[in-house]
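Student: If you want the building blocks of each chain, they are given just below.
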Amino acid sequence: MRRKKYWYDYLWIASGLYIILGFFNILFAWLGLICFIVPLLISVISGSKAYCNRYCGRGQLFELLGNRFKLSRNRDIPPWLRSKWFRYGFLAFFMIMFFNMLLNTWLVFSGVRDLKEVVTLLWTFKLPWHWANTTPVPSWIAQFAFGFYSVMLTSTFLGLVTMVLYKPRSWCVYCPMGTMTQGICRLKYKG
Amino acid sequence: MRLSKKVAAVSNECVACGSCEKVCPLGAISIFRGLYALVDRNKCIGCGKCQKICPASVISIIDREEQNEKKEILV
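First to last, the protein sequences are chains F and B. Every letter in the first sequence is one number past the one before it in our numbering, and letter 114, counting from 1, is 114. Just so we're on the same page, our numbering is the position in the second sequence counted from 1, plus 1000.
The hints are simulated quantities; they were obtained by calculation from the structure and are not laboratory data. Be aware that one or more of the hints could be misleading.
[As the list claims (entries may be wrong)] Now the stretches of chain F that chain B is said to cover, found in silico as 3 or more residues with beta-carbon under 8 Å: (1) 48-61; (2) 73-83; (3) 109-120; (4) 181-187.
Glycine included, C-beta positions come from ideal geometry on N, C-alpha and C.
So that you can see chain F by itself, here it is in the shape it has in the complex (with noise of 0.2 Å):
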């Protein structure tokens, strides 16, 4: 029986196609906050995970990839990747560099720093992205952007590593955003 589509179920396409604007025109960036705003607003009302089980683009596109194009290996992740520490734990050092982009956006934003164009990919990989940043806006949300969009392509990255390696959704297991808004649903139902 195949389960009727909505337009939830094409959220995939906005992902994809955040990931290929930032190449053309890195404030394109600053639309993943919604990414980020959406399931903490939607857990904090309603106390549930509507944003991981509908509307999660990143996660269907995971499972197109891996499903679909048959690019997961579908193993069982390894017990540790989904064990309480790890999560919570991938989500403390997710906060800190989030943080740490926060502040280099504050030190540019103050004209302590300069505007750095590049992309940062895995907390350390440097790439030039100096193209990308085509249109004349205040150096800090440039730099706003080059730093979110280090965090959005690093998170794809990481999703699509453990999506050949394990299950197509194995970045739902440790993905930040999924381990936060179920703190919060926790903290909501606790009592």
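Dock chain B against chain F, hints included.
Tutor: Chain B alone, transformed into the frame defined by chain F:
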């Protein structure tokens, strides 16, 4: 209605991603309060589609009788 011998069981390491809910042909799985997947034992036929897709590998297909004895199963 006769119930199947096998049934899906979810361990407490579930991350509530919702992959199983989407793939279940009988709509026997729902995500409970964003916390974990909840299996309706009366609907589940133990087909194993949820087990196959679960990215966290926390779903197993077990004997219905065995399930009654286990405490970790969320039903």
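Student: If a hint holds in the structure, say so; if it does not, say that too.
Tutor: Right, here's what the structure says about each hint:
no.: 1; hint: 48-61; in the structure: holds (count 7)
no.: 2; hint: 73-83; in the structure: holds (count 5)
no.: 3; hint: 109-120; in the structure: violated (count 0)
no.: 4; hint: 181-187; in the structure: holds (count 5)
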